[in-house]
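> Those protein sequences? They're chains P and F, same order as listed. For the first sequence, position 78 matches number 81 in the working numbering, and the numbering has no gaps at all. For the second sequence, position 168 matches number 171 in the working numbering, and the numbering has no gaps at all.
Treat each hint with caution, since some may be false.
[Stated by the list, open to error] Derived Cβ-Cβ restraints for the label pairs, each shown as a range:
1. P/ALA187 to F/GLU99: 39 to 45 Å
2. F/GLY31 to P/ARG25: 49 to 55 Å
3. F/LYS73 to P/TYR65: 19 to 25 Å
4. F/GLU164 to P/VAL16: 54 to 60 Å
Since the hints were derived computationally from the structure, they do not count as laboratory data. Every residue, glycine too, gets a C-beta built ideally from N, C-alpha and C.
Number of protein chains: 2
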Amino acid sequence: MAVTRVSFVAGAVGQWRVEHVRTVVGQGLPAASALSRIEGSVFQNPIDAAWSLDGVRSNERYQEVMEKRKLAAIQEDLDRPASTCAALIPIRKLPEWWQMSQDERRSIFEQKSNHIAVGSEYLPAVARRLYHCRDLGCDFDFLTWFEFAPESRGAFDELLERLRSTEEWRYVDREVELRLTRNA
Amino acid sequence: MAVTRVSFVAGAVGQWRVEHVRTVVGQGLPAASALSRIEGSVFQNPIDAAWSLDGVRSNERYQEVMEKRKLAAIQEDLDRPASTCAALIPIRKLPEWWQMSQDERRSIFEQKSNHIAVGSEYLPAVARRLYHCRDLGCDFDFLTWFEFAPESRGAFDELLERLRSTEEWRYVDREVELRLTRNA
């Protein structure tokens, strides 16, 4: 298989405890007390789940080669023992975004909004993994997963605030923020 | 739903008669005498199908704004009465392709291989619709559909030959070519 599937499954029990759910824009998500991130999932509807969101780890869509190399040099992987805090941020963008050509989207994404540059300022503290779900016909376009230590909570809040103030974020019409802590 | 789904369903009966199936590289597809292209499908496994391939009409990945405008000005839609010939070409690219950054892929796709420029030389005679299926976890990455009149068969053959001789095609590790004529 060419891509790795992921399912985020919300319910009564799971790897991560849901501390807070905030609907940033658009429709929210049903309440749940726990969440699990399951890579290599088969997209089966889990029994007793409050909800589940499916996505794939797929190829990069905007990163240029020098950006990719720079990120690879400084970023760290998920599952660090100190990373007891996490966030899941599902996002959907407006049809106007998707109707643009590749260079128009890239221009807003990086030249105008500095998405990669801003994110890289918070590396390696805030580890990040992007999952795509638009082609799967899901309710969101992306599911972004973040992991960090408790002392990086403030930095993570600042990162979100900076990204949400960009021109790119004018095209976001649905966004939910789940904040989580790891279950012992 | 953000994207339009498509299913190509092969079997004993269908909209298009299969004239010829050629395995260009890699594993082929089982024999079938007819094929239907169903947009708005729900990806159910059709009963009695020899095989089916699913994809989505999704956003453009490489086109820049001037290329997009130029293509939009000269291309024609599918389903023209004179277009009694069609082709379905499922393609898969090597992991090396997908591991490249966006600018590296774009450079091979257009600067070195002239994919858009070459294709536009055959417009409006050869109408084309690209479906993506990599993120769906399918056996192919793309399903490209072409429609043209019988007198454009030679031009279409030439188009395929030119694309297959490009640097981009060195990254294609599975390709099947189905040639079809419309059932009355």
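> With 54 to 60 Å as the target window, see if F/GLU164 and P/VAL16 comply at their CB atoms.
58 Å, holds
> Lying within 19 to 25 Å: is that true of the beta-carbon distance F/LYS73 to P/TYR65?
23 Å, holds
> Is the gap between the beta carbons of P/ALA187 and F/GLU99 within 39 to 45 Å?
Once the Cβ atoms are compared, 42 Å apart, the range 39 to 45 Å for F/GLU99 and P/ALA187 holds.
> Taking 49 to 55 Å as the hint, is the beta-carbon distance of F/GLY31 and P/ARG25 inside that range?
51 Å, holds
Hint violations for this structure: none, all hints satisfied.
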